[in-house]
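Protein sequences, first through last, are from chains A and B. Going by my numbering, the final residue of the first sequence carries number 295, and the count climbs one at a time with no gaps. Going by my numbering, the final residue of the second sequence carries number 295, and the count climbs one at a time with no gaps.
Hints were generated in silico from the structure; no laboratory data involved. Warning: the hint list may mix true and false statements.
A pair counts as met if it fits within one copy or between any two copies, since identical chains are not told apart.
As the list claims (entries may be wrong) - Think about it this way: if two alpha-carbon atoms lie no more than 27 Å apart in a straight line, the pair counts; the simulated DSSO-like pairs of lysine-lysine are:
(1) LYS256 - LYS105
(2) LYS63 - LYS150
(3) LYS92 - LYS193
(4) LYS293 - LYS63
(5) LYS63 - LYS92
(6) LYS105 - LYS150
(7) LYS105 - LYS221
Remember, it's a predicted structure, so these values are computed and weren't measured experimentally.
Protein chains: 2
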Amino acid sequence: MLGALINGESDQQIEVADRGLNYGDGVFETIQIRNGVALLWQQHLTRMRHGAARLKIPFDDTTAALFLSDISVLANQFNATGVLKLILTRGNAERGYKIVDNPVTRITTLSSMPDMSDLHSVGISVLLCQTQLARQPLLAGIKHLNRLEQVMARSEWSHNGITEGIVCDTDGFVIEGCMSNLFWIKGETLFTPRLSHSGVIGVVRNLLLELCVKEQLLNISEGFYSIQDLLNADEIFVTNSVFDVLAVKEIHLDQNSVNSGLSGQVFEFGAKTRVLNSLLQQYYLKEV
Amino acid sequence: MLGALINGESDQQIEVADRGLNYGDGVFETIQIRNGVALLWQQHLTRMRHGAARLKIPFDDTTAALFLSDISVLANQFNATGVLKLILTRGNAERGYKIVDNPVTRITTLSSMPDMSDLHSVGISVLLCQTQLARQPLLAGIKHLNRLEQVMARSEWSHNGITEGIVCDTDGFVIEGCMSNLFWIKGETLFTPRLSHSGVIGVVRNLLLELCVKEQLLNISEGFYSIQDLLNADEIFVTNSVFDVLAVKEIHLDQNSVNSGLSGQVFEFGAKTRVLNSLLQQYYLKEV
Numbered sequence: 008m009l010g011a012l013i014n015g016e017s018d019q020q021i022e023v024a025d026r027g028l029n030y031g032d033g034v035f036e037t038i039q040i041r042n043g044v045a046l047l048w049q050q051h052l053t054r055m056r057h058g059a060a061r062l063k064i065p066f067d068d069t070t071a072a073l074f075l076s077d078i079s080v081l082a083n084q085f086n087a088t089g090v091l092k093l094i095l096t097r098g099n100a101e102r103g104y105k106i107v108d109n110p111v112t113r114i115t116t117l118s119s120m121p122d123m124s125d126l127h128s129v130g131i132s133v134l135l136c137q138t139q140l141a142r143q144p145l146l147a148g149i150k151h152l153n154r155l156e157q158v159m160a161r162s163e164w165s166h167n168g169i170t171e172g173i174v175c176d177t178d179g180f181v182i183e184g185c186m187s188n189l190f191w192i193k194g195e196t197l198f199t200p201r202l203s204h205s206g207v208i209g210v211v212r213n214l215l216l217e218l219c220v221k222e223q224l225l226n227i228s229e230g231f232y233s234i235q236d237l238l239n240a241d242e243i244f245v246t247n248s249v250f251d252v253l254a255v256k257e258i259h260l261d262q263n264s265v266n267s268g269l270s271g272q273v274f275e276f277g278a279k280t281r282v283l284n285s286l287l288q289q290y291y292l293k294e295v
Numbered sequence: 008m009l010g011a012l013i014n015g016e017s018d019q020q021i022e023v024a025d026r027g028l029n030y031g032d033g034v035f036e037t038i039q040i041r042n043g044v045a046l047l048w049q050q051h052l053t054r055m056r057h058g059a060a061r062l063k064i065p066f067d068d069t070t071a072a073l074f075l076s077d078i079s080v081l082a083n084q085f086n087a088t089g090v091l092k093l094i095l096t097r098g099n100a101e102r103g104y105k106i107v108d109n110p111v112t113r114i115t116t117l118s119s120m121p122d123m124s125d126l127h128s129v130g131i132s133v134l135l136c137q138t139q140l141a142r143q144p145l146l147a148g149i150k151h152l153n154r155l156e157q158v159m160a161r162s163e164w165s166h167n168g169i170t171e172g173i174v175c176d177t178d179g180f181v182i183e184g185c186m187s188n189l190f191w192i193k194g195e196t197l198f199t200p201r202l203s204h205s206g207v208i209g210v211v212r213n214l215l216l217e218l219c220v221k222e223q224l225l226n227i228s229e230g231f232y233s234i235q236d237l238l239n240a241d242e243i244f245v246t247n248s249v250f251d252v253l254a255v256k257e258i259h260l261d262q263n264s265v266n267s268g269l270s271g272q273v274f275e276f277g278a279k280t281r282v283l284n285s286l287l288q289q290y291y292l293k294e295v
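So that you can see chain A by itself, here it is in the shape it has in the complex (with noise of 0.2 Å):
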């Protein structure tokens, strides 16, 4: 971590009677700073009020300043490029789940950005994850700090080959990556999971969404899908706020095709793909 700031103050430490610690009572966002810029602030400041109301956490416009004035702070004294990532907890109390009336905790960190150059010019392998989400509309969508469904299937791989993890829900359905939204390309068709009851809903994943349909590039499908539907597509990626978009060259459907050594199901790096990655980084450079 190069830096943090706890409400706004250089610290490293919050407090033991946080509820962000005692029940992960709050939410959170990452960004990619570019050359000291927030990539996609607007659209992270609003998933993550909208994420504030759903916990009924009190998040305002002065938080919301707040939150921006620790950026900027950041920003310059690192001259960044990096990762923030900012977490709004409910605050401090006593013992008890009762909501008490007590200001919230903000928490603004940088990280240095990861080199992930090689797998952008190839692409990842995946494995498909034996850990479930819930379904449980009440929290689906948002990015909220209970994330243990996300920490099992992360710890389902360790070889370092695996980027990513593509998990169900318990009905089954395709939803995401451990820390990505999925996509996959069939025919004239850009499919990714509906996200009503499980999964974070991404903010580079509607971005793409919505330059998709602007740009008239694909029919876009969103819904309930298998992993068969997934392993007939054309083209897959993956795509978050830190690496942007990831094809995805290979899917293991198991530990032992990972740890055998034999390829997994294999799928082309397409031109569809790296047309969408090209909007996406025109977008961008708007902004930076």
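Keeping the supplied structure of chain A fixed, place chain B upon it in accordance with the hints.
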């Protein structure tokens, strides 16, 4: 909070990089201290160990011994009757869900015991909550730090006359209270929800079931039940490690019922509930 130890040191703060904060990546226990003795310590330890194993968090005999040492320090310092909270997180890490081999974080806090003598003598009113628990076998039963469902359920009422909320799962089966396990008696049978898909398997819950079997007091039926099954009960009570047993004297079926000031459905603080609580208190006498 009367006192807090972080990894054995008197402190009130944890690192912002702690995975307990970032992902709710840990387990906890709430334990009643009576005359300096941590009630049901072995049972709490067993559950914490089991929960840690499920989450692949290291929990060895040294960790257990250190927690016991923490408890001793706090109990002596405050000559305590109170409520202990133990938290074990996976410790600090850089950004990302991947588990790294870092030391765990051990948090032990002591709070004063809430005065619930009135509630013990007359029973409690409860609200049937709208919030539903997801069905997630991977996390069911253990006392992990992902507790947003409980926070949301508890946020449904602010009326001081309501002590607890009853929650169902997303299939409509009645599961537990926000902070307690649920039992009811019909005829000669003690009913309690099966917690294989959601809910926390309470230490007092399991002990009561054991004592009930040992004393051949009532038949036991654990399963998936509807709200109607609950409402048909002769007696209802909830259990946890802080208040032991509280009889339910009234169930409000919705918030309108609470706000109208009218009575909900009324239940008797029955003889069998009293006998079960006596069994538990006798068991404690052997410990204290």
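Original post:
Of the hints given before, which are not true for this structure?
Top reply: Per hint list: 3, 4 and 7 violated.
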